[in-house]
Each structure stands twice: as C-alpha cells, then as structure tokens.
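Model the full assembly from the supplied sequences, consistent with the hints where possible.
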Amino acid sequence: MYEFLHYQVRDAMTADPVAISPYTKLREVEALFEAHDFNGVPVVDDQWHLHGILTKFDLLKAFCFDAHALVPHYDEIMEQTAETVMTRTPVSVEPQLPLSRLLQKLIEMRIKSLPVVENGRLVGIIAREDVLKALRRAAIQHEIPAHEEPQP
Amino acid sequence: MTTLLYTHPACLEHDTGFGHPECPARLTAILNVLKTTPFAALEWRDAPQATDEQLTRIHTLAHVERLFARIPRHGHYAIDGDTVISPQSGEAALRSAGAVCAAVEAILNGEANNAFCAIRPPGHHAESHQAMGFCLFNNAAIGAAHARQIGGLERVAVIDFDVHHGNGTQAAFEHDPGYLYISTHQAHIYPGTGRRDERGVGNIINIPLMANSGAAELRQAWQQDIEPALRQFQPQLILISAGFDAHYLDPLAGLNFSEDDYAWLTRHILAVAQDCCEGRVVSMLEGGYNLPALAASVAAHVKALMEIHRMAQRSLIKDILERQKAKRNP
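Quick note, the sequences are listed as chains L and E, same order.
Here my numbering is used: the first residue of the first sequence is 12, the next is one more, and so on.
Here my numbering is used: the first residue of the second sequence is 10, the next is one more, and so on.
Calculated directly from the structure, the hints in this document are not laboratory data.
The structure presented is a predicted model; accordingly, all values stated were derived computationally and were not measured.
Careful: at least some of the hints might be erroneous.
To be verified - Here are some chain L residues pointing at chain E (derived, C-beta under 10 Å):
1. Gln107
2. Gln115
3. Asp141
Just so you know, even glycine gets a beta-carbon here, dropped at the ideal spot from N, CA and C.
In structure tokens, the structure reads:
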C-alpha cells in the first residue's frame, strides 16, 4: 500500500477524455450517457479551457418543476444547450495531486469523478473506478510482513 | 552568528523497507537543497549520539533496551504495522536525539541563535515506553529535558506543526508546568489524540484543524492560540517539531499549507523568540512525505531561520548609525 502514496492523479486518470462544448444539445449529451458509462462530461471551449461539468444530476435538474411550465416538455428541454444546466466553476484537480488526496476529496464531496486541469486546460478525468484500479495495482507491490522476527 | 545545521550520515542508513514513505530519500532531498548557494552560510555540524542519561529523562530504560534488542542483524523488524527498523536504525535514532541535545547546548552556550536538525527517524509520536508512528525516541522531548537539566531553564516551549498530533511529546510534558506544548494538526487522523480539551496542567495547547485547512486557518490559530500562549509562558528556549506533511501536496494527510505558510510561521515564531529568549530556537525535522514539497518547505523554513540574523545585523547597523548621528548633532 505504500506504493499508493507515490501515485499522482496523472498516473490513474483517463487522459484526453470525451468533452462537449457549451452549445452541445442536451439530446446529444443524453446519447453520450446512454452509450458510455460516464458520470458526467466536462464542458470546454475550442482551447480546451474548462467551463463546467455536466453530470447526470445536471441533466435530471433540467426536468425539475419550475416556473416555466406546469409539466416539463421532453423535446423542448432536450433542445436546450449544455450551458443552461451544467455545473459552472466545477471543482477540478491538478495532475500532480497525490491520489490519496483525490480519494479523500471524492469521499468528502460525495462525487464520482473530477476533471483534471493543468494551466487552465482540461487534460483528463479521474473517477472512482480509476482509484480502485490504482489501489489494486499498489497492493500487488511487495509488503513487509508485520512482526517479522529479527534474524538470530 | 549563523544558523547551525545538525545532521549525520547514519540518519540516511535507517532503512524502513521498500516503498515506505519515511525513507532516506527524504533526508537526501533536504540535504541537497541545503548544500546550494543560498544556504552557504549554514554551519554544518555532525550530530553526536545521545547518551543513556539524555534518553532516560524521557524514556524508560526498558524501552531503550527493548528497542536495541529488536534491531535485526539484517533485514527488517516491524515494531508495528508502520514502524520498521533495520540494522542501522539504532545509531540513526541515537544521532537524531543527540543532534537535538547538541543543538540545544550550542544555542544555550551562545554559539548561534538558532539551529535546524536534519534528522530521521522522527520523534514526536514516541512515548516513554513505546516506539510508534515511524518514531523511536522522542527527539523534541529529549531536547527540552536536556535544556532544563544542563541549562537550568525553568520554561521550555515546543511548537509542533507536523500534520499529526505529537502524542509522545504531549504525554512527556502534560504533568510538568515547566514545559509548554503547542500543536497544530489535522483532526481525526493518526494518532487520534490532540483534542482541544486535552490541556495537561494548562500547559498543552492543541489546535486541531479540519481537513482542507490552509493559510487562513493557520493564521487564525497563530493569532488566537499560539502567540498568546507563547507570550504568556515567556519561554527561555523554543523548540520546533517541524513536520512538513501539512503541505498541500503531501500524500499522508489533508491540510493545505504551502512553503510560504511555513516561512510565515517560522518568522512569527522567531519574532516571539526575539522578545522572550534572545531568539533562541532549535528546530528539528519530523514528517513530510512529498519529496519536492518537503525540500521546498524545509528550504523556506531554514531560510527564515537564517534571515533573522540579517535582520538583526541590519537593526544593529541602524542603531550604530543613529548613535553616531546623535553624537554629531547633540
């Protein structure tokens, strides 16, 4: 397990992740969620600057009862763009953050994945599954057995 | 007057096993930085071995003997899940405690204003009868007891900014009002002690910080708790248990201090030391497990220790100039 302490976010993240633009229609976002096992997708501009993240919760949020309509209209809502429901100023992490700290952050915030940002640009996504995989990898490393007896 | 640097090659030979975070490379990273030009004014000294007399002011003789009996001829022996010793660990532990004792003596002799001990194994978890949490002997407590004994000091303070609570130092001091122990640490992590209501005989000041605390919480702790307690106590010597694992890149905990915060805190401790005890400060390494962050933090800390001399020199020159001016224009 000591090996895990050496891991950084960059060692476990998915690099060059799928991302959408602020003008992507919610219909396309829904199709993305349907096709992949994403918890959310980052929202970036042409320069890959992170503008927000759109999670499944954000998508559901579009269907909450509000002042616009008595009953939400599916087709109308699916024509909206990502920027209308995305989480703005999302929490992000840097690639050199120790993975042990990322793990704490996921637990504290009860979130499933986080965008990874370097110099303002999106470089990856790190999710619970990535951390689990890294833990498994670290556990394979050699460990000192507890209470190993001194040599005579 | 310069800053003294105590260390010893034996501290690099304490082998904790493959991948262990408390590894020799920590000290190598620190020494490499301290060998660079900005630190040329440091006066390097070899740490002597601590004596049984020095150790047993804090530890039971049984603890010392049991520790040496467990040192393996080769390989490793795990005292607990994380506290591992190897053939050279005994000497490293003696040099670490000895470094602090020697530094205390040098500072009390007026050989320098302050000193930094670049040592491992660390010490602040070690209790009178028990090695634990990577620590074998309690270097800070041994140094404080040494100051009381050989210097005849009545009041010695230890400030501990390692991210973990120094249960061992607290246990050594909690019944003796001649010691003041002040600790900032992350709440609810190892070793589980360090609640605010653990106050000893009024001489223990614990400031647990919630995860993700950083510069703002540190400054608040200084203003509300640390500085008032220090000034009220009027220490004759200040020791620092300098762990750098509250750094925002450290993998073992969740506080967010930066190099600048360590420099800031060091300067503020020195300012109090200037007022209370002619600037007498002995600092020693405890934790810190991200090597680049550790090296940069120690550099910031030691630089602050060294700068106090330049500041003192500047104020001395200013005094002289003003006196000359006063003579010329009576």
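Notebook entry, point to check: Of the numbered hints stated previously, which ones are contradicted by the structure, given in increasing order?
Noted result: Result: hint 3 breaks, nothing else.
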